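> Chains B, C, D and E: place on chain A using the hints.
Residue numbers (numbering that gives the first Met the number 0), protein chains in the order written: chain A, 0 to 89; chain B, 0 to 89; chain C, 0 to 89; chain D, 0 to 89; chain E, 0 to 89.
The reader is advised that the hints may include incorrect statements.
Unchecked claim - In silico DSS-like pairs for lysine-lysine, Cα to Cα no more than 30 Å straight-line:
1. B:K17 / A:K53
2. E:K22 / C:K17
3. E:K22 / C:K22
4. C:K17 / B:K17
5. B:K34 / B:K17
6. B:K34 / C:K22
7. D:K17 / A:K17
8. A:K22 / A:K53
9. E:K53 / D:K22
10. D:K34 / A:K53
11. C:K53 / B:K22
12. C:K34 / B:K53
13. D:K53 / A:K22
14. E:K17 / D:K22
15. C:K34 / E:K17
16. C:K17 / E:K53
17. E:K22 / C:K34
18. D:K22 / E:K34
19. B:K34 / B:K53
20. E:K22 / D:K34
Stated by the list, open to error - Simulated coverage check for chain E against chain D, where a stretch passes if three residues somewhere in it have a Cβ under 8 Å from a Cβ of chain D:
21. 12 to 22
22. 31 to 38
Derived from the structure by calculation, the hints contain no laboratory data. Predicted model only: the values in this text are computed from it and were never measured. A virtual CB, placed ideally from N, CA and C, is assigned to each residue, including glycine.
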Amino acid sequence: MQIARVIGTVVATQKHRKFEGAKLLLVQPLTMDDKPRGPALLAVDALGAGVDEKVLVVMEGRAAGEALGRKFAPVDAAVVGIIDTVDISE
Amino acid sequence: MQIARVIGTVVATQKHRKFEGAKLLLVQPLTMDDKPRGPALLAVDALGAGVDEKVLVVMEGRAAGEALGRKFAPVDAAVVGIIDTVDISE
Amino acid sequence: MQIARVIGTVVATQKHRKFEGAKLLLVQPLTMDDKPRGPALLAVDALGAGVDEKVLVVMEGRAAGEALGRKFAPVDAAVVGIIDTVDISE
Amino acid sequence: MQIARVIGTVVATQKHRKFEGAKLLLVQPLTMDDKPRGPALLAVDALGAGVDEKVLVVMEGRAAGEALGRKFAPVDAAVVGIIDTVDISE
Amino acid sequence: MQIARVIGTVVATQKHRKFEGAKLLLVQPLTMDDKPRGPALLAVDALGAGVDEKVLVVMEGRAAGEALGRKFAPVDAAVVGIIDTVDISE
Numbered sequence: 000m001q002i003a004r005v006i007g008t009v010v011a012t013q014k015h016r017k018f019e020g021a022k023l024l025l026v027q028p029l030t031m032d033d034k035p036r037g038p039a040l041l042a043v044d045a046l047g048a049g050v051d052e053k054v055l056v057v058m059e060g061r062a063a064g065e066a067l068g069r070k071f072a073p074v075d076a077a078v079v080g081i082i083d084t085v086d087i088s089e
Numbered sequence: 000m001q002i003a004r005v006i007g008t009v010v011a012t013q014k015h016r017k018f019e020g021a022k023l024l025l026v027q028p029l030t031m032d033d034k035p036r037g038p039a040l041l042a043v044d045a046l047g048a049g050v051d052e053k054v055l056v057v058m059e060g061r062a063a064g065e066a067l068g069r070k071f072a073p074v075d076a077a078v079v080g081i082i083d084t085v086d087i088s089e
Numbered sequence: 000m001q002i003a004r005v006i007g008t009v010v011a012t013q014k015h016r017k018f019e020g021a022k023l024l025l026v027q028p029l030t031m032d033d034k035p036r037g038p039a040l041l042a043v044d045a046l047g048a049g050v051d052e053k054v055l056v057v058m059e060g061r062a063a064g065e066a067l068g069r070k071f072a073p074v075d076a077a078v079v080g081i082i083d084t085v086d087i088s089e
Numbered sequence: 000m001q002i003a004r005v006i007g008t009v010v011a012t013q014k015h016r017k018f019e020g021a022k023l024l025l026v027q028p029l030t031m032d033d034k035p036r037g038p039a040l041l042a043v044d045a046l047g048a049g050v051d052e053k054v055l056v057v058m059e060g061r062a063a064g065e066a067l068g069r070k071f072a073p074v075d076a077a078v079v080g081i082i083d084t085v086d087i088s089e
Numbered sequence: 000m001q002i003a004r005v006i007g008t009v010v011a012t013q014k015h016r017k018f019e020g021a022k023l024l025l026v027q028p029l030t031m032d033d034k035p036r037g038p039a040l041l042a043v044d045a046l047g048a049g050v051d052e053k054v055l056v057v058m059e060g061r062a063a064g065e066a067l068g069r070k071f072a073p074v075d076a077a078v079v080g081i082i083d084t085v086d087i088s089e
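Okay, chain A solo, but in the shape it has when bound:
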């Protein structure tokens, strides 16, 4: 799983029927000191996360489909947690 920040939303009116009602978030993966890392990607929202929140993103199809609660949904990334704290040992 990766730590990312929600940086936007995407609207796609015409989409696969298994996506009906699913919210699509644009998330930016972060380094441990909260810098952007690599390209932003799209994830379905399984939790009601909002823009600017720091989230836990799962990046694998089966896992993301489960997160959405729709077993056979064609998704490959999902927001599955909202992060409170990250403790790094010194």
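Just chains B, C, D and E, lined up with the frame of chain A:
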């Protein structure tokens, strides 16, 4: 999922029987400001997307097979949405 | 899926029993203008492709196993189409 | 699987119900001579690993879900072993 | 699948019960002219491969689990063949 633009089509007469009738699109992943990012790839069309459209691409085998509506199809990428707008928070 | 060229074959007499009889091809992924891209990889042949042919390679375990027609075969890449033409829109 | 070191923990109070009770570890992949390699990532703890331990991390959704013992958990990485020794042949 | 050389072994006494008895190999992916390519990784041995042998490695969870003959084992890479020859067409 990734944002990409449809940039072409591929014809493969001789193919695995589970692909019969499936349309193969050449899609170019994009950055958030619509620049090409990385190499183009092939995705099956689950939606009737046309050349030049900005689309939502799922990149994982199980998910892509579901998108095609053929559970055991040997595919690993599919177009599952046509993108209307991307809203990036400032 | 990716476009690749078959550049060789691999012989492995001692192998997992689910591979019995499967042909192993060495395939080189290509850019859109047919230049080699990244390292060559091994794919099972689900179609009877020959050396030098331009092929469609699926790169994911479940999908590749389906391609081989052996549900639980331990494979992660398979040749699933022989490419006739690639049309890139200008 | 990869060799990594546990470097921290992550707290996410609000998370997908399938994660209830699961411990989230921040793990840093290592090279063979124990240098950090690439970005740190999050993995669920299937074993009771502690900070600073050298662990075996599985990085794939189905495998990680199994590790957690919850078949349909939306996870994509898990700690599945604590490493005693690595023997590299000369 | 990838061509790799077995370069070592890993001992992890404390591990997920589905790994009991499985041998963990450290494998180094190779280029076509047998140079090391990218980082070494861990793979379960499904075949009895020894140090220094050139092997066929499958890198995907479902496939690797099948290779081990334990459907729900939390593994993501497995040695599934021992390579005799690689023929590259000129």
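> So if I understand the rule, the pair passes when the alpha-carbon distance is 30 Å or less; does K34 (chain C) with K17 (chain E) pass?
violated (44 Å)
> Taking 30 Å as the top limit, are the C-alpha atoms of K17 (chain E) and K22 (chain D) close enough?
holds (20 Å)
> Regarding the pair K22 (chain E) and K34 (chain C), is the alpha-carbon distance no greater than 30 Å?
Not satisfied, since the Cα-Cα distance of roughly 40 Å exceeds 30 Å.
> Taking only the CA atoms, is the gap from K53 (chain C) to K22 (chain B) under or equal to 30 Å?
Holds, at roughly 18 Å.
> Check whether the Cα positions of K34 (chain C) and K53 (chain B) lie no farther apart than 30 Å.
holds (26 Å)
> Verify the proposed pairing of K34 (chain B) with K22 (chain C), using a straight-line Cα cut of 30 Å.
It is violated: about 40 Å lies between the C-alpha atoms, which goes past 30 Å.
> Hint check: K53 (chain D) vs K22 (chain A), CA-CA at most 30 Å. Holds or violated?
It is violated: about 38 Å lies between the C-alpha atoms, which goes past 30 Å.
> Regarding the pair K17 (chain B) and K53 (chain A), is the alpha-carbon distance no greater than 30 Å?
Judged against 30 Å, a Cα distance of about 41 Å means the pair is violated.
> If you draw a straight line from the CA of K22 (chain E) to the CA of K34 (chain D), is it 30 Å or shorter?
Status holds; Cα separation ~24 Å.
> Keeping to a limit of 30 Å between CA atoms, is the pair of K34 (chain D) and K53 (chain A) held or broken?
holds (28 Å)
> Holds or violated: K22 (chain E) and K22 (chain C), Cα atoms, limit 30 Å.
Measuring from Cα to Cα gives roughly 27 Å; hence the hint holds.
> Holds or violated: K17 (chain C) and K53 (chain E), Cα atoms, limit 30 Å.
holds (19 Å)
Taken one by one, the earlier hints fail for this structure at numbers 1, 5, 6, 9, 13, 15, 17, 18 and 22, listed in ascending order.
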